[in-house]
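> Below, each chain spelled out in residue letters.
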Amino acid sequence: GNSVTQMEGPVTLSEEAFLTINCTYTATGYPSLFWYVQYPGEGLQLLLKATKADDKGSNKGFEATYRKETTSFHLEKGSVQVSDSAVYFCALSRGGSEKLVFGKGMKLTVNP
Amino acid sequence: DAGVIQSPRHEVTEMGQEVTLRCKPISGHNSLFWYRQTMMRGLELLIYFNNNVPIDDSGMPEDRFSAKMPNASFSTLKIQPSEPRDSAVYFCASSLQDRDTQYFGPGTRLTVL
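Residue numbers (the numbering used here), protein chains in the order written: chain A, 4 to 115; chain B, 261 to 373.
Rather than coming from a laboratory, the hints here were simulated on the basis of the structure. It cannot be assumed that every hint is accurate.
[Stated by the list, open to error] Rough simulated footprint, nothing fancy, chain A against chain B, three-plus residues with beta-carbon under 8 Å:
| # | segment |
| --- | --- |
| 1 | 294-306 |
| 2 | 360-373 |
[To be verified] Under the rule of at most 20 Å between Cα atoms (straight-line distance), these lysine to any residue pairs were calculated in the SDA-like manner:
| # | chain 1 | residue 1 | chain 2 | residue 2 |
| --- | --- | --- | --- | --- |
| 3 | A | 107 | B | 301 |
| 4 | A | 59 | A | 49 |
| 5 | A | 107 | B | 363 |
| 6 | B | 284 | A | 48 |
| 7 | A | 110 | B | 297 |
| 8 | A | 59 | B | 297 |
| 9 | B | 284 | A | 45 |
| 10 | A | 107 | B | 347 |
[To be verified] Short, incomplete list of chain A residues facing chain B, as computed with Cβ under 8 Å:
| # | residue |
| --- | --- |
| 11 | 49 |
| 12 | 96 |
| 13 | 105 |
| 14 | 107 |
Where a beta carbon is used, it is the ideal one built from N, C-alpha and C, also for glycine.
Take these sequences, add in the hints, and give me the full structure.
Here it is as structure tokens:
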């Protein structure tokens with residue numbers, strides 16, 4: 004079946020550090036890939052997505068590239084801020100109204 | 261535009277009581293999803309609807325849980341009777357059918373004593 008494996012953390016970084024959160028997936032066909040972010044006390048919100056191989060999603064300084072050959076969708080940011088402290092979820096969908104399959108989430112804390 | 265609305269935001273109840281969680285999806289969205297989040301199990305999909313029809317309820321933990329969507333603008337998740345292990349944050353999300361981005365509500369934090 005479809006599944007997502009991601010770094011679980013927790014991870015603590017200093018402000019302006021480089022961030023990478025690894026995410027790999029198993030799926031039949033050509034899924035869409037997502038990163039969702041959950042700030043403390045809030046629901047999940049879409050951070051970025053990519054719908055086909057070699058697409059790059061980007062938002063708020065975060066980037067992730069859909070790599071079909073390595074079945075990966077790693078999240079990166081060159082310089083994290085305290086406000087990036089949150090839980091990050093990698094997810095996939097077969098598309099349309101198919102359900103999302105989430106990874107377990109990774110808690111990131113950024114210290115000043 | 262209003263996002264997904266959930267009520268109540270917090271619910272504290274005693275074991276054995278009935279609990280009803282409510283969700284209003286974004287207007288025009290025709291897919292609705294109920295999730296449960298706990299530290300131990302992470303984020304789990306409980307059930308989802310397309311055009312008010314339940315499509316997949318395989319994530320519903322047991323018969324104590326039931327969900328309805330009587331119309332396009334309202335859904336409920338009911339737990340009867342509630343147990344302490346049901347304590348979690350319950351999220352509702354909605355999307356446009358044939359679009360894969362889901363929009364989440366703020367969640368209901370349920371505590372069963």
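> Evaluate each hint against the coordinates.
These are the hints, each one checked on the structure:
Judged by the Cβ-Cβ criterion of 8 Å, the segment 294-306 of chain B is covered by chain A as claimed, because 3 of its residues qualify and three suffice. For a cut-off of 8 Å, the count of residues in the segment 360-373 of chain B with a CB near a CB of chain A stands at 8, and the three-residue condition holds. Under the criterion of a C-alpha separation no larger than 20 Å, the hint pairing residue 107 of chain A with residue 301 of chain B is consistent with the structure, at around 8 Å. At most 20 Å may separate the alpha-carbon atoms for a hinted pair to count; residue 59 of chain A and residue 49 of chain A meet this at roughly 15 Å.
With a C-alpha separation of about 18 Å, the suggested pairing of residue 107 of chain A with residue 363 of chain B holds against the 20 Å cut-off. With a CA separation close to 17 Å, the supplied pair residue 284 of chain B and residue 48 of chain A stays within the 20 Å bound. With a C-alpha separation of about 14 Å, the suggested pair residue 110 of chain A and residue 297 of chain B falls inside the 20 Å cut-off, and the hint holds. Of the pairs offered as hints, the one joining residue 59 of chain A and residue 297 of chain B is violated, with about 29 Å between alpha carbons and a cut-off of 20 Å exceeded.
Only pairs whose Cα atoms come within 20 Å are accepted, and residue 284 of chain B paired with residue 45 of chain A is accepted, the gap being roughly 17 Å. Of the supplied pair hints, the one linking residue 107 of chain A and residue 347 of chain B holds, its CA atoms being roughly 18 Å apart against a limit of 20 Å. Hint status for residue 49 of chain A relative to chain B: holds, with the closest Cβ pair at about 6 Å, below 8 Å. The interface hint given for residue 96 of chain A holds, since its Cβ lies 4 Å from the closest Cβ of chain B, which is under the 8 Å cut-off.
For residue 105 of chain A, the interface hint holds, since its Cβ comes within 8 Å of a Cβ in chain B; the closest pair sits about 5 Å apart. Annotation: residue 107 of chain A was flagged as interfacial toward chain B, and the flag holds, the nearest CB pair being 5 Å apart, inside 8 Å.
In terms of the numbered hints stated before, the structure departs from hint 8 and from no other.
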